[in-house]
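S.K.: Chain residues, written in single-letter form:
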Amino acid sequence: MKNLVIGATVLILCLGILYVGVGLEFGVPLFTDMDEYFVSHGQEQTGGNNIVTDIVFDFRGFDTLGEATVLFTAVLGAGLVFRKRGEDEEYEYE
Amino acid sequence: MIELVVQGAVLTGLVIAAVLIIHFRDLLSAAVAFGIFSFLLSLEFYILQAPDVAIAEAGIGAGLTTAIFVMAIRGTQRMEEVEE
Amino acid sequence: MNMSKIVREAANLLFPFILVFGFYIVLHGHLTPGGGFQGGAVIATGFVLLFVAYSYPQITERIGVGALHNTETLGLLLFIVTALIALGFGVTFFTNWMLDIGPILNNPVAFGPNPGDLNTAGVIPVMNIAVGIEVLGALSVIVLYMMSGTKETI
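Chains as they are written, first to last, in my numbering: chain F, 3 to 96; chain A, 8 to 91; chain U, 686 to 839.
These are computed hints drawn from the structure, not numbers from a lab.
Predicted model, so just to flag it, every value in this text is computed and none were measured.
Hints are supplied without guarantee of correctness; some may be wrong.
[Claimed, not checked] Rough simulated footprint, nothing fancy, chain F against chain U, three-plus residues with beta-carbon under 8 Å:
id : region
1  : 710-716
2  : 760-769
3  : 798-812
4  : 824-835
[Claimed, not checked] A few chain A positions that, by computed beta-carbon distances, are all more than 10 Å from chain U:
id : residue
5  : 9
6  : 15
7  : 16
8  : 17
9  : 18
10 : 20
11 : 22
12 : 26
13 : 30
14 : 75
15 : 83
Cβ coordinates follow ideal geometry from the N, Cα and C atoms, glycine included.
My request is simple: use the sequences and hints to build the entire structure.
M.R.: Structure representation (C-alpha cells):
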C-alpha cells in the first residue's frame, strides 16, 4: 500500500514535469509583466545599477529579512548544540 | 564555438571530480576533490551568466564546506574503514 | 594541534587579500555582481582559513567567540533599524527613504548600462554592509562552534 502511494506520487510528479517541460524550450523562461517592469523601472526607482541587488534589498526586502533571521536562528541552534557543559551535567552521545 | 568547448571541458571535469570523491579511500583527498568539484561548479555558473551564484558557490562550497570537512577529519581519522 | 608551518604562513599571507576582496564585493554590491551575502561568505572564508590552520586555543585567544557573535547581532540590528527608520518619515517599512530625504547616497543614475557611481542607490549600500557583517559573523561563528566540539587527535 505504501509503495503504491509513493509510486503514484512519483508518477504524477514525472507527468507534471513532462507536461511543463514539453511546452517550454530549454533556456527560454516565461515572459511576464513583472520582469519587464523590473528591468525598465528598477534602475530609476532604486538608483542602483545592479538590478539583482535592487530587487533583493528593495523590492523584496522582506525576503532578505527572513533570510537574515534564518541565519541568526542557525547560529543559535549551533551554539545550543556545542555549548560548554558543566562538569556535573550528565550527557552522552548516542 | 569556443564557449561550447569550454563548457564541455568544465562538465567533463565535474563528472571526473564527482567520481574521484567516491573513489578515494583517503578522506582528505576526497575533501580536496570536493573542493575542486565546487570550484568547477562555480565556473559553470559563471559561464551560464549567473555571477552572483558563482561567487556564493565559490565562497561557501569551495571554502567553508571543505574547511568543515578538514576539521572533521582532524577530529576523527584520516583513512576510511573498509567493511568486509 | 597546528597544521604545518607552510599552511600557517600561507594562511597569514592570503588572509588580508581575501579580506580586501570580500569588502570590495560588499561595498560595490549595488554596482557589480555580488552583494551582502556573497561578500560576507568570502570574508568568512578568510576567517575559516585561519581557523583551519591554527588550533582552537590559539584562535580563541586572538578572536573571541563573543566578538563574532556580537558582530552578527550588530549586523541584524543595523538591517532592521535601517528598515524601521522609514516609518519615521511617514512611509512604509523597507521604503528607500534615503533617496528622497538623505543628503548622501542619492546621486541621480542614468538609465541603461553605465560605469556607475558609488554615491547612489540610497538605502541599498547600508543594507549591503549590514547583511555583509551579519553573514561574516554567522558563518565564522558556526565553524568556530563546530571546531570547539572536536577532540583533535591527529
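S.K.: Hints first: check each against the structure and report whether it holds.
M.R.: Status of each hint after checking the structure:
1. 710-716: holds (count 3)
2. 760-769: With 5 residues in contact (Cβ-Cβ under 8 Å with chain F), the coverage given for the region 760-769 of chain U holds.
3. 798-812: holds (count 8)
4. 824-835: Coverage by chain F holds for the region 824-835 of chain U (6 residues, Cβ < 8 Å).
5. 9: Check passes; 22 Å lies beyond 10 Å.
6. 15: Its Cβ never comes within 10 Å of chain U, the nearest being 25 Å, so this holds.
7. 16: holds, 23 Å
8. 17: For residue 17 of chain A, whose nearest Cβ neighbour in chain U is about 19 Å away, the distance exceeds 10 Å, so it holds.
9. 18: holds, 22 Å
10. 20: holds, 22 Å
11. 22: Holds, since 26 Å exceeds 10 Å.
12. 26: holds, 26 Å
13. 30: holds, 23 Å
14. 75: violated, 6 Å
15. 83: violated, 8 Å
Going through the hint list in order, the structure does not satisfy hints 14 and 15.
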